[in-house]
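Protein chains in written order, with the working numbering: chain A, 835 to 1092; chain B, 835 to 1092; chain C, 835 to 1092; chain D, 835 to 1092.
Careful, some of the hints might be misleading.
Where chains are identical, the list cannot tell them apart; a pair therefore holds if satisfied intra-copy or between any two copies.
The list that follows gives simulated cross-link-like pairs (lysine-lysine, DSS-like), each with its CA atoms no further than 30 Å apart [what the hints assert, rightly or not]:
hint, residue 1, residue 2
1, 859, 975
2, 879, 1086
3, 836, 879
4, 1086, 926
5, 865, 975
6, 879, 975
7, 975, 1086
8, 952, 879
9, 981, 879
10, 926, 952
11, 1086, 865
12, 1086, 902
13, 836, 1086
Hint data in this document are derived by calculation from the structure and do not stem from the laboratory.
Here's the letter readout for the chains.
Number of protein chains: 4
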Amino acid sequence: EKSFFLIAGPCVVESEELVMEVADKVSGICKNLGIPYVFKASYRKANRTSASSFTGLGDETGLALVKKVGETYKLPTTSDIHAHEEAAEAAKYVDILQIPAFLCRQTDLLVAAAETGKIVNVKKGQFLSGPSMKFAVEKIKNAGNNKIILTERGTTFGYQDLVVDYRNIPWMQAHQTPVVMDVTHSLQQPNQTSGVTGGNPQLISTIAKAAIATGADGLFIETHPNPAVALSDGANMLKLDLLGGLLEQLVKLRAAIV
Amino acid sequence: EKSFFLIAGPCVVESEELVMEVADKVSGICKNLGIPYVFKASYRKANRTSASSFTGLGDETGLALVKKVGETYKLPTTSDIHAHEEAAEAAKYVDILQIPAFLCRQTDLLVAAAETGKIVNVKKGQFLSGPSMKFAVEKIKNAGNNKIILTERGTTFGYQDLVVDYRNIPWMQAHQTPVVMDVTHSLQQPNQTSGVTGGNPQLISTIAKAAIATGADGLFIETHPNPAVALSDGANMLKLDLLGGLLEQLVKLRAAIV
Amino acid sequence: EKSFFLIAGPCVVESEELVMEVADKVSGICKNLGIPYVFKASYRKANRTSASSFTGLGDETGLALVKKVGETYKLPTTSDIHAHEEAAEAAKYVDILQIPAFLCRQTDLLVAAAETGKIVNVKKGQFLSGPSMKFAVEKIKNAGNNKIILTERGTTFGYQDLVVDYRNIPWMQAHQTPVVMDVTHSLQQPNQTSGVTGGNPQLISTIAKAAIATGADGLFIETHPNPAVALSDGANMLKLDLLGGLLEQLVKLRAAIV
Amino acid sequence: EKSFFLIAGPCVVESEELVMEVADKVSGICKNLGIPYVFKASYRKANRTSASSFTGLGDETGLALVKKVGETYKLPTTSDIHAHEEAAEAAKYVDILQIPAFLCRQTDLLVAAAETGKIVNVKKGQFLSGPSMKFAVEKIKNAGNNKIILTERGTTFGYQDLVVDYRNIPWMQAHQTPVVMDVTHSLQQPNQTSGVTGGNPQLISTIAKAAIATGADGLFIETHPNPAVALSDGANMLKLDLLGGLLEQLVKLRAAIV
């Protein structure tokens, strides 16, 4: 496989209409460009900064909509889980279980995800180095599952900023797993006084290009037809209209390094 | 109350003998010095770096021993929980439920802890600022519980070090909660290649003195009769023999600032 | 000597009136409290963020006024130098030559300061650890001067913040030098878009108390009768009226640790 | 001009033989690949961690050898200056005056460099953000010189590591200057207990590829026929034999983004 793969979708399942629209457009773009595409949407947001933020439509509704997207567009799908008891249930609906960065050290959660037999995509904690993700890999392998993806999403850099350290791409690939760059969350600006995590969407192409150039196997990009009205992470999502142009550039860049 | 309080004990419940020995010695020291004492030991370690590290004697055994310590020595007790379904069970045994730093953004866990009616002690994530802990406080208050403690335990500072930012003490006290300095974990050195988090135990008194001087309401110190053979966090725990001398100095320091 | 010493004054020599007023008030306070006092004011600001900021009255005028303060109030004095050729000239006027943090690795500057025979006070670079200040100490000792002070002034913590790591106090004292906490500059918030470095003056007592509690030998505090109209660093300077109350608390704290 | 340019050479002028060998090989490679080449070597190392490290052959000897390289191979040249009084002298020998990162806030130095009329290449301090380099740019422009280059060389990330933040490339290009990635020094690991700054030479291609992908106008790479015996920065320099292969990849990458 010469192309990178793409994990993309809206941050959270807001409605059937939204997930279908995004999947339709992104799958069309990816088919044209030869990019393997995995549909992503969260069915629940469990660690919003503020308790008053939107957290989803209900777990079963959210998961069922993700599954419906996968069946309708013949796409593999992924969503994130937050507690070990969610693993088996979510595994009925999606192909890849994503472990949130804050939870990447929780052994019970990693083991429960591993035991579903699904692919497990672990996001590197903002407090962890790429080399130390080997312990997450080992926890999953020891539970009998070798299908592992690791995702870079930025590292704590003072209180109100994250920095992407591209050394983590080769460092995590040394664990013999594909490595994904989560472009969207790498641009978060945490600890804002408003309780709404800010961002820098104009830097999306900078983060993505550096990832492809340094050999990332996949990209994770949250996208929305209208980020300004999104119910979560609107500050960082890429406007859906801009995704095609960005991916075209990245496909050219990828061709230059393989 | 003019003294600071002390949360102390061995990192994990290794055996009945160990927890009784520690509680006996520490409660004696604190009685002499007029320091309110809360016995602490984890009944399970859920996020060890490496899956092969010791994780406990079994939840019920561990919790029951913590409770027995409390009854034997007439002490309030605390232990940490790692998933929302543990809250109600742990609340049968301990007086303060501690939320680990990595999990301080997990709304379900905070709410479940709050709903037990016990005191909830939330450790500040290594990736969070003191001011942004207000959202954890609000999640607990919104669940109907106003008995909240916040704990500083260091902030990510490059991959292999933590730094204690003492501005967080007044910043977190501004949330109208007591603030504890976790001296032990502030000295961790994460992301070591061995998978065993290192530390700097000789700096324990530096961290503790600065905390008392800047107005911390409590201290959290893990202590063990022989840290070199401890089953968890031995690199950071204070040798039990040294605790009395340190606390004497801190009591003098406290008297100078109130 | 049981007390800590104080290095204090306005950031820059703005006028004779100002330096005399500050020296008069601060020397009175320190005499009352038994604190050895060193008068400080910069005769030139060589590394202002922005070229349009005030840089001084002229070197000779500035230095002569510092010397006059020393003679008038029988105080040792200090000022900072920025290039090796300034060392010999400044040494005619002041007792302690201060090396700015950005310049603490410049061998020529350290050697020139050392060769004056004056006390050399080197500020730890925002990019350096306390242990690595041993190389600055060695450069000065190799030039034949053993009269060295090291000063902590915060470490880079993301782009727009500094953090004070109190481990640096014992770590730098291990180089067998007195260690000073620069309270004022530790509170800078660099890289502000305005080109004027911001600050948090309300945290001055937090920074100072933690320093005394952890054994700092001296404090550095810039003070001004009216920081709001100061020509440099107004955002961080302590209002002169508040200095006496702060020092009283610190003297009590010091007494509790020696 | 479609290619990026290359600033390369040995860290310091060790001998005529060395500088000629490096210039000969690198200029041959660059001619083949269509890369504009600027020869770089320091004539003096002014801020070595340790006073016992090698600092050069003497200023005039070093500068004269740099100039001889330029004349022999018809190359523009560059070297770094460390004090304002060096600017005019160095300008007689080289085409680009480089300002070290630690000194990027020293107004006198920037102004003296600007006044030579030469191109001034300012390295971003490890403690500065890309946006705040606008003040360095303004200081040079105000001195009447618009020929400015800015160089990224990593940012303080804990004590013993640097991280390259690729957002700084577009952020510094917003100052209307070409931006260079200093691959070599971005890989330094400062504050090592040995007093010799360590490094990660195997990551050179990661740092360089990400820079080209994100639009860097130039690269700075120190190279040596045998880094293991180099008199400065051997831990980070690229072995000369490996330079051609790396540049070939980078030329392909560059073609994919323009």
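Against the structure, the hints come out as follows:
Taking the shortest alpha-carbon separations for residue 859 and residue 975, neither the intra-copy value of 36 Å nor the inter-copy value of 43 Å comes in at or below 30 Å. For a Cα distance limit of 30 Å, the shortest separation of residue 879 from residue 1086 qualifies neither inside one copy, at 35 Å, nor across copies, at 42 Å. In this homomeric assembly, residue 836 and residue 879 never come within 30 Å of each other (Cα to Cα): the closest approach is 33 Å inside a single copy and 42 Å across copies. For a Cα distance limit of 30 Å, the shortest separation of residue 1086 from residue 926 qualifies neither inside one copy, at 36 Å, nor across copies, at 44 Å.
In this homomeric assembly, residue 865 and residue 975 never come within 30 Å of each other (Cα to Cα): the closest approach is 33 Å inside a single copy and 49 Å across copies. Taking identical chains as interchangeable, the C-alpha atoms of residue 879 and residue 975 lie at most 30 Å apart whether they share a chain (27 Å) or sit on different chains (20 Å). Within a single copy, residue 975 and residue 1086 get their C-alpha atoms no closer than 35 Å, and across copies no closer than 38 Å, so neither meets the 30 Å cut-off. Taking the shortest Cα distances, residue 952 and residue 879 sit within 30 Å of each other both inside one copy (21 Å) and across copies (26 Å).
In this homomeric assembly, residue 981 and residue 879 come within 30 Å of each other (Cα to Cα) both inside a single copy, at 24 Å, and across copies, at 26 Å. With identical chains, the CA atoms of residue 926 and residue 952 are at most 30 Å apart within one copy only, with a shortest distance of 10 Å there and 36 Å across copies. In this assembly of identical chains, the alpha carbons of residue 1086 and residue 865 lie at most 30 Å apart whether taken from the same copy (16 Å) or from different copies (25 Å). Proximity of residue 1086 and residue 902 under a CA criterion of 30 Å is satisfied in neither setting, with 32 Å inside one chain copy and 42 Å between copies.
When the C-alpha separation of residue 836 and residue 1086 is checked against a cutoff of 30 Å, the pair qualifies both within a copy, at 12 Å, and between copies, at 17 Å.
Of the hints listed earlier, those the structure fails to meet are numbers 1, 2, 3, 4, 5, 7, 12, in rising order.
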